[in-house]
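The whole structure should be built from the sequences, with the hints applied where relevant.
For the record, the sequence lines run as chains W, A and R.
With our numbering, the residue at position 177 of the first sequence is 177, and numbering never jumps.
With our numbering, the residue at position 97 of the second sequence is 1097, and numbering never jumps.
With our numbering, the residue at position 46 of the third sequence is 2046, and numbering never jumps.
Note that these hints are calculated values from the structure, not bench results.
Values in this document were obtained by computation on a predicted structure and should not be read as measured data.
Honestly, I wouldn't trust all of these hints.
With a cut-off of at most 20 angstroms between alpha-carbon atoms, the simulated DMTMM-like pairs for lysine to aspartate or glutamate come out as follows [what the hints assert, rightly or not]:
no.: 1; chain 1: R; residue 1: Lys2066; chain 2: R; residue 2: Glu2082
no.: 2; chain 1: R; residue 1: Lys2122; chain 2: R; residue 2: Asp2227
no.: 3; chain 1: R; residue 1: Lys2079; chain 2: W; residue 2: Asp175
no.: 4; chain 1: R; residue 1: Lys2122; chain 2: R; residue 2: Glu2181
no.: 5; chain 1: R; residue 1: Lys2079; chain 2: W; residue 2: Asp187
no.: 6; chain 1: R; residue 1: Lys2035; chain 2: R; residue 2: Asp2010
no.: 7; chain 1: W; residue 1: Lys278; chain 2: R; residue 2: Asp2227
no.: 8; chain 1: W; residue 1: Lys278; chain 2: R; residue 2: Glu2099
no.: 9; chain 1: R; residue 1: Lys2035; chain 2: R; residue 2: Glu2255
no.: 10; chain 1: R; residue 1: Lys2035; chain 2: R; residue 2: Asp2184
no.: 11; chain 1: R; residue 1: Lys2027; chain 2: R; residue 2: Glu2255
no.: 12; chain 1: R; residue 1: Lys2066; chain 2: R; residue 2: Asp2028
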Amino acid sequence: MAESVTSAGELDTTGHSPRRWLWLLLGYLVAFGLIAVVWEGSKALFAIPDYKLPHLAQIAEAFFRPTPKGPTWLILIQDALYTAFEAFVGFTIGSVSGFLIAALFQRYVHVRRGFMPYVIASQTVPIIAVAPMIVVGTGSLGAPPWLSKSIIAAYLTFFPVVINVLRGLESVDRDALLLMRSYAATDNQIFRLLRLPASVPYLFTALKIAATASIIGAIIGELPVGSTRGIGVQIVVGSQYNTFNPGFLWATIIVAALLGMIAYGMVALAERRIVRWKRPES
Amino acid sequence: MAASDAPLPENGPTRQAFWNRPWVAPLLVFVLVLASWELLVMIFQPPTFLLPSPSLIWQSLAGQFLALMGYGFNTFMEALGGFVIGCGLGLLTAMLVARSKWLSDLLLPFAIASNSVPIVAMAPIAIVWFGIGPWSKVAIVAVMCFFPTMVSTVRGLTSASPDAIALMNSYAASNWQIFTKLRVPSALPFVFNALKICTAVSMIGAIVAEFFGGAVNYLGIYIKTQASILKTPDAWAAIVVACFYGLAFYFAIVLLERWLMPWHRHREQH
Amino acid sequence: MPTAPIIAIDKVSRIYGNANATTVALKDVSLTIEKGELISLVGPSGCGKSTLLRLIADLDTPSQGKITVNGHAPEQARKQREYGFVFQAPTLYDWRTVERNARLPLEVMGRPAGEWQARLDKMLAMVGLRDFHQHYPWQLSGGMQQRASIARALSFDPAILLMDEPFGALDEFTRERMNMELLDIWETTHKTILFVTHSIAEAVFLSSRIVVMTPRPGRIAATVNVDLPYPRNFDTREDPRFFELVTQVRETLKEEFVGHV
Ligand SMILES: Nc1ncnc2c1ncn2[C@@H]1O[C@H](COP(=O)(O)OP(=O)(O)O)[C@@H](O)[C@H]1O
Ligand SMILES: [Mg+2]
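The structure is reproduced here in structure tokens:
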């Protein structure tokens, strides 16, 4: 074989040399140091009060402050896990139903023509505003408190999944379809062997958006009065007691941010394990 | 099911049937959904606060139309303010960052990671900083718009192919000429994609930030209050108004895009 | 001509278009192909070569006329998996390795993996991909991708191979090597091959017979018998007879163009 071959093993998958990595690492360290210096420096310089900008040490201290139910960090993690559970239930329901609807739209052009404009419009419109009504509505029906949060997370997941999966199912090119036709493949075979795998990268694009969105949805669902558990509740508590314990609000928000990043990271990791046939991006 | 056939090319003349016009099916769905919603509410009579009928929502909307449009306008102004500040700063930062490969390699991962951070959850901090009034919402929206705009713009500014740049160099073009004649035009589609996403982001950001507190003549707070006192039709009416402003904002940006990029082939959506 | 032709095309036309504009892609095309022939369709782009191939494969239906493939209507031939199709683009599925791509038709046709695995391995070896079973398409060069797609078309042992400019996207050197390999495959498998190209030299080098087509409307201008002996090799391209035949085909096309330009 005289032809050039690129094999996965030989490729530097990031396009960065080790030297470059070292430089980047150095850059990050400097950046973090800089943030800390700017943070504490501007606090001293402009005499920013603690309730507006606590000392970094106060935030750290807030994590370790003991409460009757254990150290604060443990409480925050428990609440974060509860929010993660609400979000995960919604994420699962939203992505499964979104996938099924996309498959339906793919097969029935008339159904798609009727509904798709609304699915697309949903992305330009603040539908999240119905969250308080879902909370009040399900609450009055006596449903478990996590359900309303999961419903909100589900519909934030649903729409991007429908749009992207439909795009993926339709992304197969004409020759790939004609190839199947030349084998006299059945509709089901075309779906299973061609459209379904072709849609997987698109599905993950949506799932990455939805991972964070479902966490946001669950947090928003926790805001109305009456909620007792979840990181959203802790954020509300933090903002109420901010003058007494200025590090705590920041602590709750750091946990919420980490939660969003972990959710995203888990989907991204799953994507890397499952979508292995793509050329690594440089 | 028998062996299936991939779609074949049209075999001879066809004419576009009435049912295939692009607006017919959506209109039909709209009417059908509203009618069956109305009918189901009539038959099962769920409590009004749980599921009001479309006609009741319509009554609520008509009854306080001007007030709701006013609340919507207040919220929209927050969204617009944050949009202008956030996208503006995002554009400026991108122009600086895109000049250096090292700087964009350093900052882009952060900017991309910020996508996965629930920024709206930081609304309480914004309230501490900028007060319970509109400025805290403007601040949150600005932060939410900043990152996607910056990331897309950096990508756009660096999207010109090496060949295209080599061509400019072969004309001995100055850096400024390369910037205005090549980099900016090739960045515009990226920028507008981000701006269109940011219209939705800014309305969502403003409304959700209002859920954390504020004055009653704003949509988010109105929706939250009316929902909590079980005046659901009012809340739904407010959502209709929110959708109106969201769509109007979006299409305003689309118009701007067509005006600024007449050469671009604008993709038809389904 | 001892037996019935394997492909018979009888006064076939194909008209594309709508009420506003129509294109006559093929007009009254008739052609018979014997078992074991390697026939090339040559002509400038737009003369209906791909259309003719798709009609034979039942990937498209004629507006008029009749086609029989191995004694059947094209649809039935397709359902009996009598031909393998090779497109200009390799059309490999990104998410399948080379081996699993080549196995795709076997999966669709429900052929038992165990029995066919040996054949699959042989085909991949024949196209020179023995060591690349587990590679994904993006890890292969264009020529290797096209080889994989040929192995895929051969994997289920169809009687006919329909190839639509399979080497059109390759560079000249790779293309010439692929031509040699195709001749090897043809000589070892005795398939009937219908090969579309817009390169006259490629057509002369490969085929036992050349069908020259011209556009507007697409039709057959002439057929040329290629009397160069097999096996052919790199020297064939330097044979004076090779040049005569190339010139002959070129003249045919030139005559057809006088009056069109
Ligand atoms: N699906 C189609 N719809 C309309 N016109 C077509 C279609 N396919 C091919 N044609 C037209 O038919 C003619 C022959 O095309 P084709 O068979 O692809 O030519 P070739 O393969 O020889 O280049 C061309 O004029 C082309 O534009
Ligand atoms: Mg062609």
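Where does the structure disagree with the numbered hints, that is, which hint numbers, in rising order? Those not satisfied are hints 2, 7, 9.
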